[in-house]
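Chemist: Here the protein sequences come in this chain order: A and B.
Residue numbers are given in the UniProt record's numbering: position 205 of the first sequence equals residue 205, and the series is strictly consecutive.
Residue numbers are given in the UniProt record's numbering: position 251 of the second sequence equals residue 251, and the series is strictly consecutive.
There may be inaccurate statements among the hints.
[Claimed, not checked] Computed footprint of chain B on chain A, listed as stretches where at least three residues anywhere in the stretch have a Cβ under 8 Å from a Cβ of chain B:
| id | stretch |
| --- | --- |
| 1 | 47-60 |
| 2 | 284-295 |
[Stated by the list, open to error] The following label-pair restraints were derived from C-beta to C-beta distances:
| id | chain 1 | residue 1 | chain 2 | residue 2 | range |
| --- | --- | --- | --- | --- | --- |
| 3 | B | Ala229 | A | Asp35 | 51 to 59 Å |
| 4 | B | Arg291 | A | Pro273 | 37 to 45 Å |
| 5 | A | Thr78 | B | Arg150 | 40 to 48 Å |
| 6 | B | Pro203 | A | Pro211 | 51 to 59 Å |
| 7 | B | Val173 | A | Thr78 | 19 to 27 Å |
[Said to hold, decoys possible] Covered by chain A, per the in silico footprint, the following chain B stretches (three or more residues, Cβ under 8 Å):
| id | stretch |
| --- | --- |
| 8 | 141-150 |
| 9 | 153-161 |
To be clear, the hints were calculated from the coordinates, so they are not data collected in a lab.
Computed from a predicted model, the values in this text were never measured in an experiment.
Built from N, CA and C at the ideal position, the CB exists for glycine as well.
There are 2 protein chains.
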Amino acid sequence: MPDPVAIGIDLGGTQVRVALVQGGRVLARASEPTDVAGGPEAVLRQFARLTEKVTARADPLDIIGVGVASPGPLDSGTGTIIDIPTLPGWSGFPLRDMLTKQMRLPVVLENDGIAAAFGEWRHGAGQGLRHLVYVTVSTGIGGGVIIDDRVLRGRRGMAGHVGHMPVVLDGPVCSCGGQGCFEALASGRALGRAARAGVASCPDSRLSAEPPDILSAQHVVAAARQGDALALRLLDDEARYLGLGFTGLIHLFSPEAVIMGGGVSQAFDLLSPGIHSGIQERAMAAFRNVRVLKAGLGENSGLIGAAALALDIEGATA
Amino acid sequence: MPDPVAIGIDLGGTQVRVALVQGGRVLARASEPTDVAGGPEAVLRQFARLTEKVTARADPLDIIGVGVASPGPLDSGTGTIIDIPTLPGWSGFPLRDMLTKQMRLPVVLENDGIAAAFGEWRHGAGQGLRHLVYVTVSTGIGGGVIIDDRVLRGRRGMAGHVGHMPVVLDGPVCSCGGQGCFEALASGRALGRAARAGVASCPDSRLSAEPPDILSAQHVVAAARQGDALALRLLDDEARYLGLGFTGLIHLFSPEAVIMGGGVSQAFDLLSPGIHSGIQERAMAAFRNVRVLKAGLGENSGLIGAAALALDIEGATA
Chain A
1 MPDPVAIGID LGGTQVRVAL VQGGRVLARA SEPTDVAGGP EAVLRQFARL TEKVTARADP
61 LDIIGVGVAS PGPLDSGTGT IIDIPTLPGW SGFPLRDMLT KQMRLPVVLE NDGIAAAFGE
121 WRHGAGQGLR HLVYVTVSTG IGGGVIIDDR VLRGRRGMAG HVGHMPVVLD GPVCSCGGQG
181 CFEALASGRA LGRAARAGVA SCPDSRLSAE PPDILSAQHV VAAARQGDAL ALRLLDDEAR
241 YLGLGFTGLI HLFSPEAVIM GGGVSQAFDL LSPGIHSGIQ ERAMAAFRNV RVLKAGLGEN
301 SGLIGAAALA LDIEGATA
Chain B
1 MPDPVAIGID LGGTQVRVAL VQGGRVLARA SEPTDVAGGP EAVLRQFARL TEKVTARADP
61 LDIIGVGVAS PGPLDSGTGT IIDIPTLPGW SGFPLRDMLT KQMRLPVVLE NDGIAAAFGE
121 WRHGAGQGLR HLVYVTVSTG IGGGVIIDDR VLRGRRGMAG HVGHMPVVLD GPVCSCGGQG
181 CFEALASGRA LGRAARAGVA SCPDSRLSAE PPDILSAQHV VAAARQGDAL ALRLLDDEAR
241 YLGLGFTGLI HLFSPEAVIM GGGVSQAFDL LSPGIHSGIQ ERAMAAFRNV RVLKAGLGEN
301 SGLIGAAALA LDIEGATA
């Protein structure tokens, strides 16, 4: 009998991605820009269309379930979206039940950070660990936590909103409405903002060549790789902020490792020394040897993790 | 058959307390100032002496175990002290094994924050909850976490160091060596420091009557109860800082409630409105209705919790 197969769905604010997944491998994948304006009904049709594509050559009998990774907050217990800041019209939508009807398969709905943490634990950089914190640093900062060999869920399955740990008293306003959150300080969006502020006083930087309104974290990383002084300084600050936030997470959860994913982790080689020296400097002695690792599944952590949750009902409901 | 009885020991930097505990009730209790200079050997003799006192009228056959709550970091898996900043000479001391030999009873060693969390969960303000974060706000800030009906332990059992979440970038130096930790901002020690700074510019405050070098959080609370304007302003700030830190913990762990213990919780009635409005203001919508409760067991949370862990081997080892 072949290993069971599941469908992984990654619902994002810009893209819907669907994959056929077996163990840690993506067998087929398809994506479309998210039909934000169309709301849940249109997106459910996108799910159907993309699923048809990726399962075209699969035996339907081998597919045992569907895992959906979605931005939160969502209630993974009831399978209902609570609120997605980037997707209006989804509040209170019973996504799991609607999709179960449409797909005629068991469906697991999970916060995208928790799904990615699960993917990294089962098939990525966290294999064999008992305790890990996964942090995705992209436009925002999200994450998920595995401690004591279990997925940390909490009330309504909402544990692990690591981007909304306060790290700067009266700091910059955050997407969540709060102030000074880890996300507001260290996300890709914050790095882009720092770059736009930085070019004003560094006209010689390569970054000054970009139109300021599109200047983003990616440009900073590219310029740093070419030795640009401003870009390197911006990444030094970014590493320091990440080291600060990761130290907090290490004290709170006591993981064996912090796993970093998301777009900004493409600069992991440049950020890692600064992150680790920040932890060395700030963590209590007993926590200082905790390592930060780059995610092993790249942009597929959530997709593979969602499918893995569907394949591992014990993990999903434990 | 009577309910089983356990010995609870609370090893503190200033006091050693020992109690005979049945369920959530303290049957007998005794204490001595901690023999800090004498190190572990002297303190083990204190444990023996105090245990003799509290068990003088008990049937030894009813006593099924010993639970020790100790400052950390400690490794609850191996029963070894890692390091206690307030107690020199304890690093690496195998407290659980030494005490097992001395007492001839099964011994559980637990971080005092986790023990108190367990006590509040089983017998205090957290009874019936599935998810709670316990925070003790006294000289420092410590805590423990129960999520998904289990004690959160993590690597070496060191999860829940909630006092060392960074909340102020480049903030005041913390007892842990870091900077800007929640403890450095919102502990009783920090409140005392703020009071000493405040009296300089408020000579009319009742607090100016105290010798500045002994001015502490307790004086602030007492003066606030008499309507002193400076003391009330200091407590407003304290409530704001607590609300900030608790909001972070709510986003990270998704508890049903935060339970506040420790000396500063004696002012819970004065602090609660400010704490709750801070959470209302800063938390993401889905988390805003999480309540902060005053600890139900007062200064006995750790003592009762340690004994409860000894009585509940499943809870202790789960």
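Chemist: What hints, given by number in increasing order, does this structure fail?
Modeler: 1, 5 and 7
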